[in-house]
Amino acid sequence: MIGIDLGTVNSLVAYIGEDNKPKIISTERGEKFTPSVVYFKNSLEVLIGELAKSQMYLYPERTIRFVKRDIGKEIDYTIFDRKFNPAEISALILRKLMKISDEYFGKKKEAIITVPAYFDDNQRFYTINAAKLAGIEKVHLLNEPDAAAIAYGIFNDNTNLMVLDIGGGTFDISLMNIKDGVFKVIGNGGDTNFGGLDFDNAISDYILKTVQETQNIDLSKDPIAMQQILIHSEKAKLDLSTVDETNIMIPYISQNDNGPIHINITITKDIFYKLTENLFKKFEKLIEETLLENKIEDNWLNKIIFVGGTSRIKKFKDIIKNKFPTVEIKQDINPEDVVAEGAAIKAGILSGKLKDVEFKDILSHSYGIINDEGEFVEILNKGREYPTVESKLFTNSFDEQDEIILEIRQKIAEEIISLGSFKFKSTKKWKKNESNIEVVFNVDINGVLNVTAIDIDTHQSEELIIENALYGNRENETQVRRGKEIIVK
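Here the numbering used here is used: the first residue of the sequence shown is 2, the next is one more, and so on.
Source of the hints: derived by calculation from the structure; they are not laboratory data.
Okay, derived cross-link-like pairs now, EDC-like style, lysine to aspartate or glutamate, Cα gap no bigger than 16 Å in a straight line:
(1) K42 to D82
(2) K318 to E285
(3) K426 to E464
(4) K304 to D158
(5) K424 to D456
(6) K324 to D299
(7) K315 to D240
(8) K275 to E246
(9) K42 to E486
(10) K426 to D458
(11) K318 to D333
(12) K54 to E32
Label-pair ranges, simulated between beta-carbon atoms:
(13) K324 to S44: 48 to 56 Å
(14) N335 to H263: 29 to 37 Å
(15) N335 to E51: 17 to 25 Å
(16) G31 to G353: 27 to 35 Å
(17) D333 to N217: 48 to 56 Å
Just so you know, even glycine gets a beta-carbon here, dropped at the ideal spot from N, CA and C.
Using the sequences and the accompanying hints, generate a full structural model.
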């Protein structure tokens, strides 16, 4: 079994070696990371990783990046007149990662895949769906902050811990209590659309504005130029994690009536911090909201773990040191590797190589249905430990009714998200309020919702497939067939 960090920007594969320590599996190019980039050479052949990234300059319309931000959303990508959803694109990335693993030590059909703790039900379900499309028969999801805590090996500490996972496209906050070897998650927070990409975009916006003002040309409408600017913006962000200024040079990026246009811009750390001031404020606000929602005082914390490449930006630590001056900050493990290493350790635990660690995870969002008055009726509350089961009784609203339609919802902050709907069809017609339908919500070990309905009077039972708002039936076999057509390199 292997561990996979399926990242927004980069992905990694890891395993437990003979010395019982986690190890990253290198790509065929000898690199740790596989960029989460897919390039379509044609309708039936794709390049993944660095090979795909190198094509972005020339063929941005055939290149897909940052798909993790789209997983579980009603989005399609059209390439060579074919439509692909985010799960199908993620499956191609996973096929590449499995290929790297297979070449290292043979075929594996079981994997731990990490996801943000703040992922909702659709995002979790379609991550599993992507893995199955990729040929992974048994899929275990592991929350990324949990993976980080496992990797740090603080099993025997009695401590209160906050994990700050600042990835390329997501930001996870997890509050944990560790006592006698048991990890208990007591609160989650974050934003699945906040991460390193937002800092890259702040730099690229500055470049575009500077070029517009100095050379009177709008490069935002040139997709090839934009790919170059985005890649150089990411590099500048990384540079400014260690130096006080960096120079962005992109020769011959475009041309106008006066000839070729070159970019030569110096960005200092002060400029960078000013450009991203609102992002750092958001980072701090999300932490404050998570602590407040979970009724946590600042002095409760003992340790903070930073995870993710974006966390290398020094100002993040400055903010934390200012807010929590007595708290120990841990970043001993490479922040880009720590989640994959934690996934590998979890794989080692499940395969019997390593001693088990007890985790008590909680729901990051609440689940329920919409009643006849259009109100959200909560069945599973946020903060409840899972796996978990809860049920409620419902009845019919009028005479001669022989079916009940239930609208399944997930509540994220104050937003009600549709997970789809289903019909429970009876063998008889009811009088008004005659039926007694028990609806059972079951969240499994992967944090994915399953729904069952039981007619208490007739004992008619049905395990219900949610008719999902995204792709219809959530068990979509056409995706499996189509995914296997495509050659992955």
